[in-house]
Amino acid sequence: MKNGLRAFSLAARPARPVVVPPGDPRDRGGPAQPLLLVESLRKYFPVSGGVFNRRIGDVKAVDGISFAVFKGETLGVVGESGCGKSTLARLVVGLIPSNSGSVVFDGDPVGGSNGLTLRELRRNLQIVFQDSDASLNPRLPVEESIAYGPRVHGVTRAAAKQTAHDLLRRVGLRPDLFASRYPHELSGGQKQRVNIARALALSPRMLILDEAVSALDKSIEAQVLNLLRYLKSHFNLTYIFISHDLNVVHYIADRVMVMYLGQVVEIGPADAIYSEPKHPYTRALLDSRLAVDPIDRIEAAPLTGDPPNPITPPSGCRFRTRCAFAEDVCTAKAPALGGWRDPAAHLAACHMADRQSGHSRAGQTLPATERPLVSIEARLA
Amino acid sequence: MAQAMFSFAQSHEIDTPPPVAPRRGYWRTVQRRLRGDYVTLFFLSIILLLVLAAILAPLIAPFDPDKTSMLYRLKPIGYRHFLLGTDELGRDMLSRLIYGGRMSLMMGLVPVVLATCIGGFFGVVAGFLGGWVNMLIMRVTDIFYAFPSVLLAVAISGTMGGGVANGLLALTLVFIPSLCRVTEAATTQIRSRDFVDAARVSGASSLSIIFYHMLRNIMGPVLIYASSLISVSILLASGLSFLGLGVEPPTADWGLMLSTLRQSIYVQPLVCALPGAAIFIASLSFNLVSDGLRQAMDIKA
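Chains R and X supply the protein sequences, listed in that same order.
Mapping the first sequence onto the working numbering, position 198 (from 1) lands on 197, and the numbers just tick up by one.
Mapping the second sequence onto the working numbering, position 139 (from 1) lands on 120, and the numbers just tick up by one.
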């Protein structure tokens, strides 16, 4: 039985090398060039109030985020609610304008005089939202929702419909049964499959999956995850996979980026982050997962309280108000992440990870979480 | 054990079994639901009868609606060949009611249709663009909202003088702000949904998004609201002609008939009540059909 549970655990997966299949005609800079480079991206939402509805502050939703997504990989983005994951996704596809920062797609900067236009970027970069129902027009048959993108880009009605039917087949929905249905006639999982088909209709090179499986039942979630892995290899895709479910991210992601209050606190290969987190926030997130085995349970809550107000974040390290290892240096200066362009680097924005920071634990690994080894019989007694 | 649990892993290659329920479009579902709603169907047929009578008035009216007779003034219902009696100038009530329906239905429908187009346009613009455009349009509608609608209609047509055209214009102006509001609310609500963002990410222009994605979602609530205004419009128009501001005599119009017959209420109360009954039946029918439509169109996934 225990073996069965282990096998069912989403984290149990064979290691996969990141391979870029050669010969993609859309590829420009070669496998070493990141498909997406995001640098110092910033988005402040103004908060107004007071007598004359003046601007009294900013919600720093995304505050200076830099990362690279390499060709053929899946970058998982995790963090608690309100840390800016979804804002980041909407910024990258240009649904909301950023305050500053740059987005570079396969060597081409987006915007500017000689860069990619937003329309060109979106041909290559599509997004799937969490709410599978709200993402589909309730008054359109699903084939028309899928065919809409190609139609906008000048494909004929018949060809767009053909594309829609092919994609429906790819996502596991028989076109003869589902093509002319309306969204309210589909289940949540089927709707999300349609949304994935819609996102693929322009044959993009990259998909942003913004909590795309979070609202689905566990069994459906597993099906859609497997579908995503299949589509990735079939269409030569690169994913940014945003989720708050750490198990799912471990299953699907090659690299993981951890966000806290609009900033990146840790980034690195998935296995390295899951086995040996460097940032205390990542450790707390990992500890907050439910243990399958009662022996693995922990006594104290890994993290208490809410994240601080993003309008007036703490000085220095933003996590220090909830961190067990906070010292004076954490208040004085903000830790830097460092060389984020390296695809293999495991980096943490923490003074403990930096030998020269002056933190008393600088250069040491995080202490292991206490797991009281008490038998379940003793607990029940 | 483990293998059985992993059997779903290949599911994307397995075809889903055929569905039980036949597929049905939105409007077809609405149609099917309306077909089972006998109250709505009954009142819908009354409306159709009224419209038919208005269109075919010259063919079905037994007498000339404007032909007066000093001999047969204020005769009761069923007097000789006057099925519904005669009015204070001896004109046949049935013929006048049939012809009056033409005017009343027009006063009910035309302002609502015009206001739906104009108010709907401003509502969509305000809802879609948001920001200061929304602010400007919605504050202007607020100003119109501050006046009671009857007073506004009377004031407008009073300033511009009587007549059918001015009456229609006054009613249209009265309805524009409320239709603008309803459309703006519907647009704002739809605009915030993810499928609009998804369409935008597909590279669609704003116009394409409005015409392809938004209008078909906004149409339902706006049509329901507009249909509920038809009865209000008929009543307001009757009120205007009652005050001598809308239709001018001797044109047959329910409101005007009610107004001119009111002096004779003690002589022939039943005959005098007929135009009122016609107004009541017409507006009740439009209201109930509007309600039925609302229920039929309220389809939750």
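None of these hints come from the bench; they were simulated from the model.
Ideal Cβ placement from N, Cα and C applies to all residues, glycine included.
Just so you know, not all the hints are guaranteed correct.
[To be verified] Computed footprint of chain X on chain R, listed as stretches where at least three residues anywhere in the stretch have a Cβ under 8 angstroms from a Cβ of chain X: (1) 66 to 80; (2) 128 to 138; (3) 143 to 154.
[As the list claims (entries may be wrong)] Here are a few chain R residues that sit away from chain X, every Cβ distance over 10 angstroms (derived from the structure): (4) I55; (5) L94; (6) G106; (7) Q125; (8) N194; (9) A200; (10) A300; (11) D341.
Okay, the hints, checked on the actual structure:
Here's how the region 66 to 80 of chain R fares: 0 of its residues keep a CB closer than 8 angstroms to some CB of chain X, so the rule of at least three is not met and the hint is violated. Check on the region 128 to 138 of chain R: 9 of its residues sit with their Cβ under 8 angstroms from a Cβ of chain X, so the three-residue criterion for coverage holds. Under a criterion of three residues with beta carbons nearer than 8 angstroms to beta carbons of chain X, the stated coverage of the region 143 to 154 of chain R is upheld, 5 such residues being counted. Annotated as non-interface, I55 (chain R) keeps its C-beta farther than 10 angstroms from every C-beta of chain X; the closest such distance is 19 angstroms.
At roughly 6 angstroms from the closest C-beta of chain X, the C-beta of L94 (chain R) falls inside 10 angstroms, breaking its exclusion from the interface. Against the 10 angstroms criterion, G106 (chain R) stays outside the reach of chain X, whose nearest CB is about 21 angstroms from its own CB. A beta-carbon of chain X comes within 10 angstroms of the beta-carbon of Q125 (chain R); the shortest separation is about 6 angstroms. Consistency note on N194 (chain R): stated as away from chain X, yet its beta-carbon is not over 10 angstroms from all of that chain's, at 8 angstroms minimum.
Residue placement check: A200 (chain R) does not keep its beta carbon more than 10 angstroms from all beta carbons of chain X (closest about 8 angstroms). Every C-beta of chain X lies more than 10 angstroms from that of A300 (chain R), the closest at about 31 angstroms, which supports listing it as non-interface. For D341 (chain R), the shortest C-beta to C-beta distance to chain X comes to about 30 angstroms, beyond the 10 angstroms cut-off, and the non-interface label holds.
When held up to the earlier numbered hints, the structure conflicts with 1, 5, 7, 8, 9 and fits the remainder.
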